[in-house]
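Use the sequences and the hints to build the structure in full.
Residue numbers (the working numbering), protein chains in the order written: chain A, 1 to 262; chain B, 1 to 324.
Hints were generated in silico from the structure; no laboratory data involved.
Note that beta-carbon positions come from the ideal geometry of N, C-alpha and C, so glycine has one too.
Hints are supplied without guarantee of correctness; some may be wrong.
[To be verified] Only some residues are given here: those of chain A computed to face chain B with a beta carbon under 7 Å:
no. : residue
1   : 74
2   : 84
3   : 90
4   : 93
[Claimed, not checked] Some chain B residues well away from chain A (every beta-carbon gap over 12 Å; in silico):
no. : residue
5   : 8
6   : 13
7   : 24
8   : 50
9   : 77
10  : 113
11  : 120
12  : 127
13  : 193
14  : 294
15  : 297
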Amino acid sequence: MILEARDLTVRYGGSSRPAVDGVTLSTDGGRLVAIVGPNGSGKTTLLRAMLGLLPLSSGSANVQGRPVAQWPRAELAKVIGVVPQTEERVFPLRVRESVMLGRYARLGALGRESTVDRQAVDEAMTRSDVLQFADRRVDTLSGGEWQRVRVARALAQEPAALVLDEPTASLDVRHEMEVFELIRHLVTGGLAGLIVTHHLNLAARYADRMIMLEEGRVAADGTPTEVLRQDVVARVFGWPVAVTTWCDGSPQVVPLRPGEAR
Amino acid sequence: MSGLRGVLLLGISAVVLVVGIGAGATSIPPAEVWSGLLHGSAPSSAIVRELRLPRVLLAFMVGGSLGISGTALQALVRNPLADPYLLGISGGAGLGAVLVIASGGGGAWGVPLAAFAGALLALALVYRLSIVGERRLDPRVLLLAGVVVGAFSGALMSAIIVLSDVAQLRNAFLWLLGGFGGASWKTLDIFLAYAALPAGILLLSGRALDLLALGEEPAQYLGANIERTKRVVYLTTGLLTAAGVASCGIIGFVGLVVPHAARRLWGPLHRTLLPVVFVLSGCFLVLADTVARTVVRPVELPVGVVTALIGVPLFALLLRRSLA
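Structure follows, in structure tokens:
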């Protein structure tokens with residue numbers, strides 16, 4: 001397994017309830033796992049713990065079978081590419097420069113760039129379709145273009161796994177579809193995928209497996225059809241829903257207005 | 001750095017250094033500057049070699065050090081308005097110097113030493129204050145701690161100045177405003193002894209600073225050891241600033257204006273930005289010092305006054321243009 005959490009529990013100091021409570025999940029090459037759940041249910045905390053940024057209270061988090069805490073950050077960066085929720089753009093770079101930062105862990109002595117690094121950056125930009133604006137400043141990009149640049153940077157790390165935390169937040173329909181299509185394409189090409197998202201319906205169509213968190217605990221785990229059950233979704237999110245089936249077989253959640261029949 | 005840019009920067013520095021050496025109480029034309037530099041027997045050789053050259057070189061090195069310190073700190077706190085003097089170091093250095101001047105001690109050696117000791121003390125205090133929970137350095141707390149320590153030493157400094165007698169008061173004030181009047185080969189050597197290593201380390205930290213500027217979480221995912229980088233940045237900028245204050249007093253705005261301008265011209269990629277900022281900040285301070293000792297000859301203005309008088313309008317202009 002490339003990425004694996006077993007009985008993972010994270011407790012923030014001073015809090016009585018654990019932020020993440022006994023979660024088990026894993027992903028491997030060619031598989032896209034989606035973590036869903038209401039705001040504050042522990043999705044981002046789970047990711048950070050699995051990626052070694054938060055200490056575990058109990059359980060384990062392994063990368064390629066080795067506890068994540070034992071990985072030096074530079075070594076981990078060669079195996080897992082991460083697109084976190086936010087990053088600063090106070091000092092806006094050009095797109096190509098920004099993608100080149102993905103090579104940090106692989107650069108030679110004194111940070112020298114080689115032909116190999118430049119080729120890897122070009123390939124990453126081609127795969128995420130951002131080559132055409134390689135010389136633009138990142139603060140002039142649209143939200144969708146910017147997310148694709150960040151995916152390109154993660155790809156430039158030449159990782160075995162791609163982890164994304166709400167990559168489509170505040171994107172319009174076309175851009176969120178483009179990002180999901182790109183991720184699915186990359187995972188089908190062999191990467192292991194782990195994504196946190198609020199898009200239940202897109203997760204249902206693109207992910208192989210879903211984990212639904214509720215107050216830090218696993219409320220449902222399995223294929224999208226197993227996880228997106230009407231009663232479970234309504235209870236976990238605290239809002240009545242109907243679940244229908246799209247023609248590709250994936251369950252689709254429709255939130256109901258008060259008084260609407262199920 | 002591209003070859004063309006390197007040649008351009010070298011050319012600019014050469015011109016600025018020659019202008020800086022030529023200007024002063026007795027002005028020396030460029031041709032004589034050259035002959036003075038090359039031949040010990042030339043008539044201008046004594047002034048050029050013993051007075052002007054070390055002074056200009058010291059101004060260049062101090063300027064460059066302040067410039068890269070400002071650039072690195074701005075990346076550390078992800079805010080283009082950070083300045084080396086926000087670390088409270090100038091306050092600590094000033095307090096040390098004023099204490100020695102007011103007690104009538106000091107002299108050529110005592111004042112810089114006391115300033116350096118004061119700066120290191122402030123550096124350690126601010127550092128200790130900004131380590132929060134689980135031994136992590138929080139850049140926001142770092143700035144706040146710097147401002148607090150600076151304000152406290154400023155208050156103590158004012159109290160000491162008010163209580164000391166008039167002649168010493170003027171000396172303390174002049175010292176605080178900064179200047180290269182006391183520059184010699186010896187002061188240059190002392191400055192370089194403290195500054196060469198931290199400046200070298202900072203100049204090689206460009207890649208790590210690029211990652212840090214994205215934020216701590218993304219930087220770690222890209223492979224940066226951010227706790228180490230933050231500490232290295234804080235300690236090297238602190239040492240450079242302390243060495244600068246100790247050798248020529250408090251000179252503000254160099255670390256703020258030049259990085260800002262250079263970023264607009266060359267972009268914010270630190271690997272190329274740091275050497276450019278070093279050279280341009282060095283030139284800026286040499287020119288400021290040249291202005292300081294020529295505009296109201298034979299009186300010398302404190303160079304801190306000149307950098308502020310040039311730097312503030314320039315900065316206001318840049319700020320307005322970047323917001324437009």
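Quick rundown of the hints versus the structure:
1. Evaluation of the residue 74/A hint against chain B yields a held restraint, the C-beta minimum of about 4 Å falling below 7 Å.
2. Taken as an interface hint, residue 84/A checks out: its beta carbon lies about 5 Å from the nearest beta carbon of chain B, inside 7 Å.
3. This hint holds: residue 90/A has a C-beta 5 Å from the nearest C-beta of chain B, less than the 7 Å allowed.
4. Interface restraint check: residue 93/A against chain B, minimum CB-CB distance 6 Å, threshold 7 Å, status holds.
5. For residue 8/B, the shortest C-beta to C-beta distance to chain A comes to about 20 Å, beyond the 12 Å cut-off, and the non-interface label holds.
6. Distance check for residue 13/B against chain A: the nearest CB is about 23 Å away, which clears 12 Å, and the non-interface claim stands.
7. Every CB of chain A is more than 12 Å from the CB of residue 24/B (nearest about 39 Å), matching its label as outside the interface.
8. Distance to chain A confirms residue 50/B as a non-interface residue, since its nearest Cβ pair spans about 38 Å, more than 12 Å.
9. Remark: the non-interface label on residue 77/B conflicts with the geometry, its nearest Cβ contact in chain A lying 10 Å away (cut-off 12 Å).
10. The Cβ of residue 113/B lies farther than 12 Å from every Cβ of chain A, with a closest approach of about 35 Å, so its non-interface assignment holds.
11. Every beta carbon of chain A lies more than 12 Å from that of residue 120/B, the smallest distance being close to 30 Å; the non-interface claim holds.
12. At roughly 23 Å from the closest C-beta of chain A, the C-beta of residue 127/B stays outside 12 Å, upholding its exclusion from the interface.
13. At the 12 Å boundary, the C-beta of residue 193/B stays outside the reach of chain A, the nearest C-beta of that chain being 24 Å off.
14. Listed as a non-interface residue, residue 294/B keeps its Cβ farther than 12 Å from every Cβ of chain A; the least gap is roughly 36 Å.
15. Non-interface call for residue 297/B relative to chain A: holds, since the shortest CB-CB distance, roughly 42 Å, exceeds 12 Å.
Of the hints listed earlier, the one the structure fails to meet is number 9.
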